[in-house]
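Student: Guided by the hints, dock chain B onto chain A, whose structure is given.
Here the protein sequences come in this chain order: A and B. When the letters of the first sequence are read in order and numbered with this note's numbering, they come out as residues 1 to 261. When the letters of the second sequence are read in order and numbered with this note's numbering, they come out as residues 1 to 248.
If you are wondering where the hints come from, they were derived from the structure by calculation, not from laboratory data. The hints are all genuine.
Reference listing, derived: stretches of chain B covered by chain A, where coverage requires no fewer than 3 residues with Cβ under 8 angstroms from a Cβ of chain A: (1) 43 to 56; (2) 66 to 75; (3) 81 to 87.
C-beta atoms are modelled at their ideal positions from N, C-alpha and C, and glycine is treated no differently.
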Amino acid sequence: MNWLASLLASVGRSVLSPLAALGRLSIYAGQTIGHLLRPPIYLKEIGLSLVNIGYFSLPVVGLTAIFTGGALALQIYSGGARFNAEAVVPQIVAIGMVRELGPVLVGLMIAARVTSSIAAEIATMKVTEQIDALVTLSTHPMKYLTVPRVLAGLIMVPVLVGIGDIIGIMGGYVVGTQSLGFNSATYLKNTVNFIEPFDIISSLVKGAAFGFIATLMGCYYGMNTSRGAAGVGRATKGAVEAAAILILAANFLLTSIFFTI
Amino acid sequence: MIELSNVHKAFGNNKVLRGVNLRIESGTSMVIIGGSGTGKSVALKCILGLVTHDSGTITLDDEDVTKAERDSFLARFGMLFQGGALFDSLPVWQNVAFRLMRGSLKRPHSEAREIAIEKLRRVGLKPDVADLFPAELSGGMQKRVGLARAIAAEPEIIFFDEPTTGLDPIMSGVINDLIREIVVEMGATAMTITHDMTSVRAIADNVAMLHDGVIQWTGPVADMDASGDPYLEQFIQGKAEGPIEAVR
Chain A
1 MNWLASLLAS
11 VGRSVLSPLA
21 ALGRLSIYAG
31 QTIGHLLRPP
41 IYLKEIGLSL
51 VNIGYFSLPV
61 VGLTAIFTGG
71 ALALQIYSGG
81 ARFNAEAVVP
91 QIVAIGMVRE
101 LGPVLVGLMI
111 AARVTSSIAA
121 EIATMKVTEQ
131 IDALVTLSTH
141 PMKYLTVPRV
151 LAGLIMVPVL
161 VGIGDIIGIM
171 GGYVVGTQSL
181 GFNSATYLKN
191 TVNFIEPFDI
201 ISSLVKGAAF
211 GFIATLMGCY
221 YGMNTSRGAA
231 GVGRATKGAV
241 EAAAILILAA
251 NFLLTSIFFT
261 I
Chain B
1 MIELSNVHKA
11 FGNNKVLRGV
21 NLRIESGTSM
31 VIIGGSGTGK
41 SVALKCILGL
51 VTHDSGTITL
61 DDEDVTKAER
71 DSFLARFGML
81 FQGGALFDSL
91 PVWQNVAFRL
101 MRGSLKRPHS
111 EAREIAIEKL
121 RRVGLKPDVA
131 DLFPAELSGG
141 MQKRVGLARA
151 IAAEPEIIFF
161 DEPTTGLDPI
171 MSGVINDLIR
181 EIVVEMGATA
191 MTITHDMTSV
201 RAIADNVAML
211 HDGVIQWTGP
221 VADMDASGDP
231 YLEQFIQGKA
241 EGPIEAVR
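Just chain A, same shape as in the assembly (with noise of 0.2 angstroms):
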């Protein structure tokens, strides 16, 4: 019966796990947004979160939306001659952009970029004893290293969005004039005939839930990496890889909500 009990106590245990984490990661996000509303509120750290998130994201987001909106171009414009459909070309790039590829990449990048370098960051930080040293400096650690990043994440990835859809429109843009053949005159009344408003509230909010998911995954990993170089480098990985799963899952769940009710 010994082997039937260990058995019973592992799927308990594979059942139990999951859920034992998710509820710390959901106390740890709602520390956070408590913490988000009340002072201190330490303006450089917050500064510094921005320009590290945003300003220094903008290459990145800029050239993975510049090649996207190119290559949407060309894929809408030979899979559209199938039913002699060439001409959506600008409308396609311009949905396909700013309701789902551009928030979702420039969310995957951040995750890459941003979030490693967060969990990175501080979860060495946590082993070099630099979280205890801000504790007995009367320094809260969730408000000096999280609220900063959570918020420049939550305020720049939409920024982020923004820009990367501009981007990758005028990504298919390029290739739609320069190698297709389309008017540019008439390739920009129809991207801009074509775009509903709701359709950029929709990515600047997807955005902005994309951005608190990157910078919050990567400060929670960070925060309870384990000793050692190989607790930084779990850390790092497990920051991401959550932060991908649950952008692309919030992704699914946003655009259900927005599209289909």
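Tutor: Structure of chain B alone, referenced to chain A:
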């Protein structure tokens, strides 16, 4: 006065503290010795609230530390961490003046910098170190910066966690002398964790030996060599044979 009464702490099945009783009088320097992994750092972290003890009481001037108002409680402490724990992203002077640049002790930027440079000078570092980053300093210099940070806000109580670990004997002597001078000069209460017996003799007024989760022996440093306690004698003399099992 800091008092620990029957303090217990376990991490899972590992019972680290099994009823620690210790009293540190105000203005004295207590050094806690003991082998690696005996819970010295845990005891220190329990006092600061960095680790929550499972049972027992820890009081500071007869007030339970778990019930004290956190900011004003921590404002009474300074701490030198084993590895320095300097903030990599900040220059040296901002590390030293960290507490003076935010919170209830906030000072104007220029005043905070002046105090930081003064404290750096106090620990034997030149003002041109102020604008370097911690990664640009040697281990000994990092310890000194950590010491300057610990005393920057002139705390009543200073904790030193393995202050000489990783330093050469000469630099260890310099740090020991600095700690002793500063503690006497400030009239602070000091608690030091170490297994360096040279440090013990240089820093301590009183010594406590932690072994197997309890205080095995405590008394004035002058009584240490004639204590008659077999655990303490083995530790002081660094013998492999004795009541303390050496893991080989």
